[in-house]
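One-letter residues, chain by chain:
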Amino acid sequence: MTKDLIVPAAEGLYCPPGDFHIDPWRPAALAVITHGHSDHARWGSGAYLCHEDCAPILRRRLGDVRIETLGYGESRDIGEVRLSLHPAGHVMGSAQVRIEHRGEVWVASGDYKLEADGVSAPFEPVRCDVFITESTFGLPIYRWRPQAEVMTDINSWWAENARAGRASVMQAYGLGKAQRLLKHLDASIGPIVCHGAIEPLNQIHRDLGIALPPTHNVGALDKSGLSRCFALAPPHAVQSGWIRRFGDHSDAFASGWMRLRGNRRRRGVDQGFALSDHADWPGLLQAIAATGAARILVTHGSGEALSRYLREKGYDARPMATEYGDEEGEAEPNVDADIDGV
Amino acid sequence: MKTFATLYRRIDAATSTQHKRQALVDYLRAAVGDPEQYASAAWTVYFLAGGKPRQMISTKLLRQFALEATDLPEWLLDECYHSVGDLAETLALLMPPPSREEDAPLDLWMNERLLPLRERDDAARLAALRGWVDAMPSDDRLPFFKLVTGELRIGVSKLQMTQAIAAATELDAKLVAQRMMGYTQANRAPQAQDFVALVAPAEAGEEGRPLRGQPYPFFLAHPLQAPLSAFPELLGPVDDWLVEWKFDGIRAQFIHRAGEWWLWSRGEELVSDSFPELSALVDFLPDDIVLDGELIVVAPRSDARFAVDDLSDLRPFSELQQRLGRKVLTPKMLRERPVALIAYDLLEKDGHDLREKPQRERRARLEEVVSRAHACAMQVGADLPLRLSPALTQPDWESFARQREEARARGAEGMMLKAMGAPYGVGRQKSGANFWWKWKLDPMSVDAVLIYAARGHGRRSGVYSDYTFGVWSGPPEQTDRTLLPFAKAYSGLSDEEMRKVDATIRRTTIENFGPVRSVRPTMVFELGFEGIGPSNRHKSGIAVRFPRMLRWRQDKPVEDADTIEALRALLQAPSA
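Which chain is which? The protein sequence lines are A and B, in order.
Here our numbering = 1-based position in the first sequence + 319.
Here our numbering = 1-based position in the second sequence + 202.
It is worth saying that the hints were derived from the structure and are not from the lab.
Take these hints with a grain of salt, some might be off.
Stated by the list, open to error - Partner residues aside, some chain B positions facing chain A, computed with beta carbon under 10 angstroms:
#, residue
1, Trp277
2, Leu278
3, Leu279
4, Glu281
5, Gly658
6, Arg662
No residue lacks a Cβ here, since even glycine has one placed at the ideal position from N, Cα and C.
Looking at chain A on its own, in the form it has when it is part of the complex:
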């Protein structure tokens, strides 16, 4: 049996023949980054390699660090392996990492979703022998409705609030979810406010050619504007003074966890919209099947359940321990993750 191309190590997922780490949670010499969320792109590594659209996000998060980039499908030889990045559809610049070594191919998915969100490059399945998949929502209870339907609900909620003269305050993760929402909001309903922690990320997206509707600082709107506005903020901001500017408002949270009633109730928001940047259960199974891989390693989330299910379907599957969190915000709130890039 050949040696594994990717193994769990103290710093994170490690590729011995290439001598680099993927999304290390502790400093490493070379960190290959799947995407810019704070639990995947951490500070302190010697050099970073990521997709070219991920670089500005990384730079904003980590400051002046050494970053090299690749386009999707472009390959580079590192040590004994050939590495390439492929669209994961999770957020802007997110990538699956393909590693080829003596004819054997491994793919580490990072986080991914199958539905095209209109912002990030859509997920592309990559044939491989071993697939390392995420499983944030790895139970059959997680099944997303099409984005268009959820966005219709969100726009109706906004329109109804605007008619009643109250602001609509949406809590959402600052990188990815925020821009996805912005992209599909019906800007004819009213003005859009973005919290200061989100606006720089919007700018990065605009610079990369994503058309987003105009967004305002909360101070730029008068009372009448505020009473009709849609406001986007990272979850931590709703406890700050920022929220008080809106007076009477309706609040909501957009996350895959909102599919469960208990989570909606615990959040204590008026509306929970189940909108996720991760694959749902059918999405995970579809992605896994499309790789053609016989061996599956399952990281964070419901790793045990998904592995067992896959084993019963004839795969060689097992969980793989990692320290990735869950930016959709149900786990212990990670302030860094919430603020992202500030």
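Go by the hints and put chain B onto chain A.
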């Protein structure tokens, strides 16, 4: 179903009582104005006010249905259930999308589809479910499965429903409360005319008068938590108060009208059949009379000669529990665990509603009625299962406080304080000096260690919120001592504390057993409980009643938690 589902979602999404109430009022206004909706509204009110029909489909069959419909392995269905914390919601989330959509009103669903299921076999039930669910919009499935499992749990109280009806109809809330009495009884199938009777304009002279066997709304007590030093200012002189023991039984209303009798529990269930021995009261009490009191098991006796307020023979609540929920009452059970009604209020006499009369007058007339019945029974040598709750007298509040310490020894939980000048109110009154106060003993408590945790349900689904606690089997110097489980508790922590405990549990897990985890002992809690008794179900040999967390003792290392001896000492104390 769509109308009900929409209302359900609106109530469920409401983050304040005000929004919840508005959703109810909006719905009721529309229903009152539309005779076509009366029949479904009758059911809607029934469910939201807490009515539960007998289960129509067993959990086992529902699981079987889910496995077939989703083609999932059973362990994965369990995994999903543990993650969601609610079977109805799990089913709603797992069902494949409908192939077509249809809608039928709630009354048709209940009367023509769901209730008749009881008469059919499992194969027919499964086939029916398959067809219905396949034609049901995804949004309607959660309330549908909630109805089927009988676990609506949506956070509307009967009181809120009463107030919403009052607001929607502009009727007096007391009148609505009277009309609601018994509305949510199990196994009732409310009809359009029942809804009409709830919301109809008040008739002249109706004034909340109950019909035939219908009870009055119970007057409920507030906990008295002020320190003794504040009593004189809060309550005034002791003479203004009727002070009684707070009994640990079942609150009940005994109704004797037109030669028939009815017994209603506080939960507004008709329980006459469970306590047939109370039929003896009819022979000795005058007609058209309503008593409020407490049902308690008493020691069987051979001699009928005893004082009317003699309470030396009360048995603990655990014996009453053995009487409840039995389909068949054996003569042996009736002989060994007879109950008596300890009367403490008179609500109706000679057909007149006495509730507006002051407590002082009601008490005097109660004493007269009960004493007379007692005397009559003694004359013929009958053992009448009726007592009078003694009125306790002391010169001041300090003396009452001392006397209260005897409560447990007398099988009571504390004392009741009732304003002598006050009428008998409706429900738990919000304000005013006319409260009934319950002045309970402080709970017994020990410092115990959290050893197992399970995920909660409803609002706490997915969170480790249900804990099992243990105490040490021996003193610290005993090196091989272990933690003996003795109680489960899930209330008493703030959301913030629970989040921290949940995180600690996840960090300190030793082993997973399905939804339950064993954890490394690191957390100590002060656990309070109301009663304690021997038990052969628990390893510790002890069972406690109403356990809850009083405090998280973050200051206390697990080695300093209490030992089993502390519990045994409480067990042997005269109070137990």
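Evaluated hints:
The closest approach between the C-beta of B/Trp277 and any C-beta of chain A is roughly 7 angstroms, which is under the 10 angstroms cut-off, so the hint is satisfied. Against a cut-off of 10 angstroms between C-beta atoms, the interface hint on B/Leu278 holds, since the closest Cβ of chain A lies about 6 angstroms away. The interface hint given for B/Leu279 holds, since its Cβ lies 8 angstroms from the closest Cβ of chain A, which is under the 10 angstroms cut-off. Using the Cβ-Cβ criterion of 10 angstroms, the hint placing B/Glu281 at the interface with chain A is satisfied: the shortest such distance is roughly 5 angstroms.
The criterion of a C-beta within 10 angstroms of any C-beta in chain A is met by B/Gly658, whose closest approach is roughly 8 angstroms, and the hint holds. Below 10 angstroms, beta-carbon pairs count as interface contacts, and B/Arg662 has one with chain A at about 7 angstroms; its hint therefore holds.
In this structure, none of the earlier numbered hints is contradicted; all agree with it.
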